[in-house]
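Visitor: In order, the protein sequence lines correspond to chains A and B. Okay, so the first sequence: first residue is 1 according to UniProt numbering, each after it adds one. Okay, so the second sequence: first residue is 1 according to UniProt numbering, each after it adds one.
Each hint should be verified, as a subset may be incorrect.
Claimed, not checked - As a list, the in silico BS3-like pairs of lysine-lysine whose alpha-carbon atoms are at most 30 angstroms apart: (1) B:Lys138 / A:Lys201; (2) B:Lys176 / B:Lys292; (3) B:Lys132 / B:Lys228; (4) A:Lys280 / B:Lys12; (5) B:Lys292 / B:Lys277; (6) B:Lys176 / A:Lys216; (7) B:Lys26 / B:Lys127; (8) B:Lys26 / B:Lys105; (9) B:Lys182 / A:Lys10; (10) A:Lys121 / A:Lys140; (11) B:Lys260 / B:Lys292; (12) B:Lys259 / A:Lys367; (13) A:Lys10 / B:Lys127; (14) A:Lys367 / B:Lys12; (15) B:Lys292 / A:Lys10; (16) A:Lys10 / B:Lys283; (17) B:Lys221 / A:Lys201; (18) B:Lys176 / A:Lys367; (19) A:Lys201 / B:Lys74; (20) A:Lys201 / B:Lys131; (21) A:Lys10 / B:Lys132; (22) B:Lys112 / B:Lys131; (23) A:Lys280 / B:Lys292; (24) A:Lys216 / B:Lys110; (25) B:Lys267 / B:Lys221; (26) B:Lys138 / B:Lys127; (27) B:Lys182 / B:Lys105.
Unchecked claim - Which chain A residues face chain B? A few, computed with CB under 10 angstroms, are given here: (28) Gly3; (29) Asn68; (30) Leu211.
Calculated directly from the structure, the hints in this document are not laboratory data. For glycine and all other residues, C-beta sits at the position ideal for the given N, C-alpha and C.
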Amino acid sequence: MIGILLAKIKIFIRYPLTFLAMVVMSIGFALLIGGGNGNVINVPTYIADEAIHGTVVEDILNDSEAFNFETMSKDEVEDKIANGKAEIGVELYEGDFRVIVGVESPNVGLVKQTVEGAYSKKLQYEQLFAAANATTDSDKEAVKTDLEKAIADPVFSIQANNFRGSDAVIIDNRYHTLFGFTLFFVIYTIAYNVFHILEEKNNGVWDRIILSPARKWEMYVANFMYSFGTGFLQVLIIFLVFRFWVGIEFGGNFGKAILVLIPYVFSIVALSILITGIVKTVQQFNAVIPIIAVSMAMIGGAFWPLEIVSSKLMLVLSKVVPITYGMEVLNGVAIYGYSFSEILYPISILLLMGVVMTGIGIHLMEKRHV
Amino acid sequence: MLELIDLSKKFKQLYAVKNLNMFIEKGEIVGLLGPNGAGKSTAISMLSSLVDPTTGDVRFHNKSILKNPSPIRKIIGMVPQEIALYTDLSAEENLRFFGRIYRLKGAELKQKIDEILELIGLTDRRKDIVKKFSGGMKRRLNIGVALLHNPELIIMDEPTVGIDPQSRNYILETVKRLNEEKQMTVIYTSHYMEEVEFLCDRIYIMDQGNLIASGTKDEIKRILSAEKTIVIKADRLNDIFIESLRQDPTISSVTVEEKKVTIIVPKEINIFPAVLKLAEEAKLELNSVDIKTPTLEDVFLHLTGRALRD
Chain A
1 MIGILLAKIK
11 IFIRYPLTFL
21 AMVVMSIGFA
31 LLIGGGNGNV
41 INVPTYIADE
51 AIHGTVVEDI
61 LNDSEAFNFE
71 TMSKDEVEDK
81 IANGKAEIGV
91 ELYEGDFRVI
101 VGVESPNVGL
111 VKQTVEGAYS
121 KKLQYEQLFA
131 AANATTDSDK
141 EAVKTDLEKA
151 IADPVFSIQA
161 NNFRGSDAVI
171 IDNRYHTLFG
181 FTLFFVIYTI
191 AYNVFHILEE
201 KNNGVWDRII
211 LSPARKWEMY
221 VANFMYSFGT
231 GFLQVLIIFL
241 VFRFWVGIEF
251 GGNFGKAILV
261 LIPYVFSIVA
271 LSILITGIVK
281 TVQQFNAVIP
291 IIAVSMAMIG
301 GAFWPLEIVS
311 SKLMLVLSKV
321 VPITYGMEVL
331 NGVAIYGYSF
341 SEILYPISIL
351 LLMGVVMTGI
361 GIHLMEKRHV
Chain B
1 MLELIDLSKK
11 FKQLYAVKNL
21 NMFIEKGEIV
31 GLLGPNGAGK
41 STAISMLSSL
51 VDPTTGDVRF
61 HNKSILKNPS
71 PIRKIIGMVP
81 QEIALYTDLS
91 AEENLRFFGR
101 IYRLKGAELK
111 QKIDEILELI
121 GLTDRRKDIV
131 KKFSGGMKRR
141 LNIGVALLHN
151 PELIIMDEPT
161 VGIDPQSRNY
171 ILETVKRLNE
181 EKQMTVIYTS
191 HYMEEVEFLC
201 DRIYIMDQGN
211 LIASGTKDEI
221 KRILSAEKTI
231 VIKADRLNDI
241 FIESLRQDPT
251 ISSVTVEEKK
261 VTIIVPKEIN
271 IFPAVLKLAE
281 EAKLELNSVD
291 IKTPTLEDVF
301 LHLTGRALRD
């Protein structure tokens, strides 16, 4: 078994291009579509009243991670909206604001919410200053400092969360594209590694090994381990790049996110074994894999969140594809901060799928050949 | 040593091999001759325990291998028809991989690799990646891998398909040497009758899953002892002439190959005048009419009415 594994690793090291291509594509698509760390929407902003400068409104808008409120003249703001260079713009007054909408999109509500939040905070501060009789700048600064201290060390805290089955969902485009493309592209890497079994059976390498003292289970285990190893290495590299280069936090659960990939990779190796057991030729395999990978990614919510899918049929189909559960465990860990016990259900489904598909796949391969 | 008893293999409704009976004695080279699709590969897959027969038995030293294939697997060196190698690895790496599979290690493995590379003439190319090899070199390595564990019985399934004459001769000479110097038993399948004629002590001829003749070369050729083979050559053979030959009741077989017609007739009949007359009637100018010593090809032709490479 070790000999088979070593030979495969040697070939892998000698010809890593396909593997690297899949890694690069996963990272590239996740960065391009998800925006990586550059997923910030520009909002042209006109400050109509100079009194806004130096207030908490300006601070909050500047600190926004989702939007870049870019200050410019009123004409420039209107031009950008009119020319379609920006979908939304904002005009800020001392006690009020105006949102200029070019294209109706979910971002309109989010921008409005952000600016409203900033004005609410400003009002809150003003009431605090009034209550504390802080009229001078130094007094206001002292109240602010006291407030920040109190916020940093609260008397009690409230933790808000979303639970499975609740209507409340968090859709983070960066995480979604990262997870989606990672889970999608790894299917190719794994499938093309598992397919070597069929090639080796067709070219007689397996016959040679069968006639040798090596056991058949050793051959399957070695191939399984190799395919699993390369698949897991790929997702690991992608996640490491996004964690330490792009700076994605994975909700503070990076280690857990890596661990929950194990059942997903296992199920994809099993699926590949099943497909290899069904198809008869390289041509059939090459035709089937992209169809299965893309359709699974669409049905399983790798390209878009399942939450926006309304077709009942699609939602039912999503229950039988591993990507659905792969996305569920990753979202659960990175976005909702679930513990292992809370994601035990999708993990169990993935493991069950893996065991069943491996069994059927090996049975089909054995039935066809030796 | 090895015996195949009424061996059959059926795939769906089609018999790939039907009621095959064979025996192989230690130290001999046995040829399995037949055209593509004759059932040779299926037969050797069954005798090497890689495929279970539908019916029949394979007995090794008088014990069935169907339930316990281990004894025969230990002594078999298999050379499949395909290049059963990791073409992304070098010749040496392939030998090392398959050597390890056969539990060879350390100095013993190294010595064996050197020995095999020397035998197959690839010592200078040991570090080269197999996919860069010529067809002949790949075939030689394909054989070399099968010899790593000193097998008593080597099974070669069309080992010279698609290679140049030089490599082909090298392989044939190597097989002969292995048999003579190491007393290796060889089962050699081919659809090249000249290879089988050159190498084999005994021959089995198969066609469409059936065994149609067997014996030593001379025994098989004696099938044609009552007949003779005549080769007629002409630049432009025409249909009238061929049809006339086919309708002649004294001619038992007519095979056309480009500018050549081969016919088989009873030995006592002088066919020359008839051939010349038919040629004249067909307005055909003949280049030559020769009587030929029967070959295995002629036997096959006689038995099946088709050429081996049809």
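Visitor: Going through the earlier hints one by one, which of them does the structure break, listed in rising order?
Guide: Violated hints: 3, 6, 7, 9, 12, 15, 16, 17, 18, 23, 29; rest satisfied.
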